[in-house]
Amino acid sequence: MAETAEMIEVLICTGTGGIASGSLVVADAFQAEFDKHGVEAKIGKRCSIKKTGCRGLCANDVLVDIVMPGQAAVTYDFVTAELVPQIVEEHILGNEAVAKKVAGAYYEKFLEKQQRIIFSRCGTIDAESIDEFIAHKGFTGIKKAVTMTQDQVIEEVKKSGLRGRGGGGFPTGVKWSFCKATPGTEKYLICNADEGDPGAFMDRSVLEGDPYGLIEGMMIGAYAIGCTFGYVYCRAEYPLAIKRLQKAIDTCYEKGILGKNCMGLGFDFDMRIKAGAGAFVCGEETALMASIEGQRGMSRPRPPFPAVRGLWGKPTNINNVETFANVAYIFYNGADWYASIGTEGTKGTKIFALTGKVKHTGLVEVPAGTTMREVIYDVCGGILNNRKFKAVQAGGPSGGCLPGEAIDAQVDYDSLIKAGAMMGSGGLVVMDETTCMVDIARFFLNFTRVESCGKCIPCRIGLKIMLEILERITEGKGQEGDIELLQDMAYDIKKSSLCGLGQTAPNPVLSTIRYFRNEYEAHIKEKECPSHSCKPLLHFEVIESACKKCGLCYKICPVDAIRWEKGGIATIDKEKCTQCTSCYDACRFMAIE
Amino acid sequence: MSNAAEQVEQEEIDLTGANQVIDKYLDMHGALMPVLQEIQEVYGYVPEPCVHLVAERLNVYSSQIYGVLTFYAQFHLEPRGKYIVRVCMGTACHVKGAGRIGDTLKDRLGVGHAETTEDLKFTAEYVACIGACGMAPVIMVNDATYGSMTVNKMNEVIDKYVKMD
Chain X
1 MAETAEMIEV LICTGTGGIA SGSLVVADAF QAEFDKHGVE AKIGKRCSIK KTGCRGLCAN
61 DVLVDIVMPG QAAVTYDFVT AELVPQIVEE HILGNEAVAK KVAGAYYEKF LEKQQRIIFS
121 RCGTIDAESI DEFIAHKGFT GIKKAVTMTQ DQVIEEVKKS GLRGRGGGGF PTGVKWSFCK
181 ATPGTEKYLI CNADEGDPGA FMDRSVLEGD PYGLIEGMMI GAYAIGCTFG YVYCRAEYPL
241 AIKRLQKAID TCYEKGILGK NCMGLGFDFD MRIKAGAGAF VCGEETALMA SIEGQRGMSR
301 PRPPFPAVRG LWGKPTNINN VETFANVAYI FYNGADWYAS IGTEGTKGTK IFALTGKVKH
361 TGLVEVPAGT TMREVIYDVC GGILNNRKFK AVQAGGPSGG CLPGEAIDAQ VDYDSLIKAG
421 AMMGSGGLVV MDETTCMVDI ARFFLNFTRV ESCGKCIPCR IGLKIMLEIL ERITEGKGQE
481 GDIELLQDMA YDIKKSSLCG LGQTAPNPVL STIRYFRNEY EAHIKEKECP SHSCKPLLHF
541 EVIESACKKC GLCYKICPVD AIRWEKGGIA TIDKEKCTQC TSCYDACRFM AIE
Chain D
1 MSNAAEQVEQ EEIDLTGANQ VIDKYLDMHG ALMPVLQEIQ EVYGYVPEPC VHLVAERLNV
61 YSSQIYGVLT FYAQFHLEPR GKYIVRVCMG TACHVKGAGR IGDTLKDRLG VGHAETTEDL
121 KFTAEYVACI GACGMAPVIM VNDATYGSMT VNKMNEVIDK YVKMD
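As they're listed, the protein sequences go chains X and D.
Each residue of the first sequence is one higher than the one before, starting from 1 at the first, in the numbering used here.
Each residue of the second sequence is one higher than the one before, starting from 1 at the first, in the numbering used here.
Hints are computed from structural coordinates only; laboratory data are not their basis.
Owing to the predicted nature of the structure, the values given are computational and were not obtained by experimental measurement.
Each hint should be verified, as a subset may be incorrect.
The calculated SDA-like cross-link candidates involving lysine to any residue, where the alpha carbons are at most 20 Å apart (straight line), are [as the list claims (entries may be wrong)]:
hint, chain 1, residue 1, chain 2, residue 2
1, D, K106, X, Q579
2, X, K144, X, A339
3, X, K243, D, V42
4, X, K535, D, D103
5, X, K180, X, R302
6, X, K247, D, V141
7, X, K243, D, V141
8, X, K494, X, R460
9, X, K100, X, Q86
10, X, K359, X, E433
11, X, K159, X, T343
12, X, K535, D, V141
13, X, K388, X, R373
14, X, K243, D, E38
So here's chain X without its partners, still in its complex pose:
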């Protein structure tokens, strides 16, 4: 490895986000430049182009790190193929960074408050290389685990305080002990990589950026529980994640890491990917198992719990991707180290997917207990277009919307539930003053209604009726008493639904009523949408006193309905206007009403 020390490295983001922004083209451009300049001849074969996973800052892709021997890495953002020759010439050959293109101060700030543990390999190592994984502590966790008894491994996980990262937050070690305690030799281990939550994509990022880390976590779990067969149930919408994980599994089989007598450590473990087929309810464990068995993904009542009667009637343990990724690190560094991070009730770090009206969207890994304000303002740079923060939706369709007053809530399981939301899988969708909260409630209910498996009546019919009421309100046809009716129905559906989907589906409605009741009332009583977002209630006009004559609205309007000349106030042609709200969103001065 002596040679590596002097290696020039080019690290390019090639997660889904990176590829969508053109990172493969950029990688090719680097290769072409190296060939052209004979960089290879000059420095031998020491220049490698690594394809890494996600760096978390998807909004600024393509991100490229240039690591020169003996120097700190320099990060470039928004790299395009056209820029590559300049970077190679000035930076790699001339040894002087292209100052104008280096990522600004925000990039350091983005990383500063984060504690990247689960992500420590993502974006650093070549996701497809098992050697690099091994060079970065890979498989040392499982090797340590097998020196302990099964019970000791479970004890270690309990001691670490790890709670399931899939949403519920059930202590992982306790869950494992249930499955281990069930008699029987044929048991299954399932990794839930379904990630159906709109607004969450951390599992995808782990699968794409550190697939071996997941395999290792699953191996530790399998050893502890005594499972010999594992499934990764992955969303079929994640083609790259499936491809990379499949490649990692194949490599592990070739090298004898999976299969009979794994790595010579004395236990057997086989694993396989099962691609989902587009049903949100399959993230619920009993529905997920039905789906693996080849049936409609419908949930069934519990008990019996999967740990007793799971996949094909056998004891089964299900954990989320991030949970397994955490397990590997607990065994690298010890339970005490892990338990030292985070808060009393929530240990370790949590990955959040920050999206919506926030400046730097992307994936953020912070110690549990960081406040929402720190995550949104310090890490992600605050609200887009310097607008006012209105709410953050935490926990996807099962969670709730937290208003400005709750922004100082800590991000851990208990504080979020107290505030009326939940951690869920960790999606945080930030909303500003242009987002209508009634519309958001309608949006989530529409989603959960479509995704309901239809097995039990409260969920199937109840959600439909709630949705109709919300649609009526957003169309300006709300009636007196609608809010109370919605609340009543929400409580009933929560109480009587069979599975997590129905039990949590009304949450967004309840939390928006709790914090934004005035918006509901404005829709119902004044037939107005205070955020100017509900189309049937809109009439667009430029507020002359606020217009800064910048012409942004003119440029964005897709139907040429805006008249504007340089230095003049814009006007809207109401005949042509399709009320698409493009101009309203684009205006930075709230000059369109």
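Take the given structure of chain X and dock chain D to it, following the hints.
Coordinates of chain D only, in the frame set by chain X:
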């Protein structure tokens, strides 16, 4: 559908591909979904004769297969367009204006969710979330992802594919 019509359709479809897929999975526990998924990869959708073939060879009722096919969003029982345009309707995309991106697509192609243009060139789909929320609003055309969409950009993308064969 009458028997005659069924026959015609069965003659039109070459079942070799489907048989090969089934061969691979014959001994697997829970083979139904992977088989259907791969058959869909071969044909672009799951043709009716394939359903009967799978029923026979995997020894499951056709009704159960249809139960699965109609439950999951990803299975299609009709031929689909060459270019599948997926508009993400996830929360992040919704907040950032996915609605008008979807409207634009509908205006341009004249087809709604899960519908295919008559020339079999485009299929429009509004999907729950494609996991690229950092670049919302997002669309996908087949395997290519396009982020930070605006109405104008959407039009450009569609133009590009309209010009392609």
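Each hint tested on the structure:
1. About 16 Å separates the Cα atoms of D:K106 and X:Q579, which keeps this hinted pair within 20 Å; it holds.
2. The straight-line distance between the Cα atoms of X:K144 and X:A339 is roughly 18 Å, inside the 20 Å bound, and the hint therefore holds.
3. With a C-alpha separation of about 18 Å, the suggested pairing of X:K243 with D:V42 holds against the 20 Å cut-off.
4. For the hint linking X:K535 to D:D103, the alpha-carbon distance of about 13 Å falls within 20 Å, and the restraint holds.
5. Taken as a hint, the X:K180 and X:R302 pair is honoured in the structure, with Cα atoms around 18 Å apart against an allowance of 20 Å.
6. For the hint linking X:K247 to D:V141, the alpha-carbon distance of about 25 Å lies beyond 20 Å, and the restraint is violated.
7. For the suggested pair X:K243 and D:V141, the alpha carbons sit about 19 Å apart, so the restraint of at most 20 Å is met.
8. Among the hinted pairs, X:K494 with X:R460 is consistent with the structure: their alpha-carbon atoms are about 12 Å apart, no more than 20 Å.
9. With a C-alpha separation of about 11 Å, the suggested pair X:K100 and X:Q86 falls inside the 20 Å cut-off, and the hint holds.
10. Restraint check for X:K359 and X:E433: satisfied, since their Cα atoms lie roughly 15 Å apart, inside the 20 Å limit.
11. This hinted pair checks out: X:K159 and X:T343 have alpha carbons roughly 14 Å apart, not beyond 20 Å.
12. Taking the CA atoms of X:K535 and D:V141, the gap is near 28 Å; set against the 20 Å cutoff, the hint is violated.
13. As the CA atoms of X:K388 and X:R373 are separated by approximately 13 Å, the hinted pair is consistent with the 20 Å bound.
14. Restraint check: the Cα-Cα separation between X:K243 and D:E38 comes to about 15 Å, which is no more than 20 Å; the hinted pair holds.
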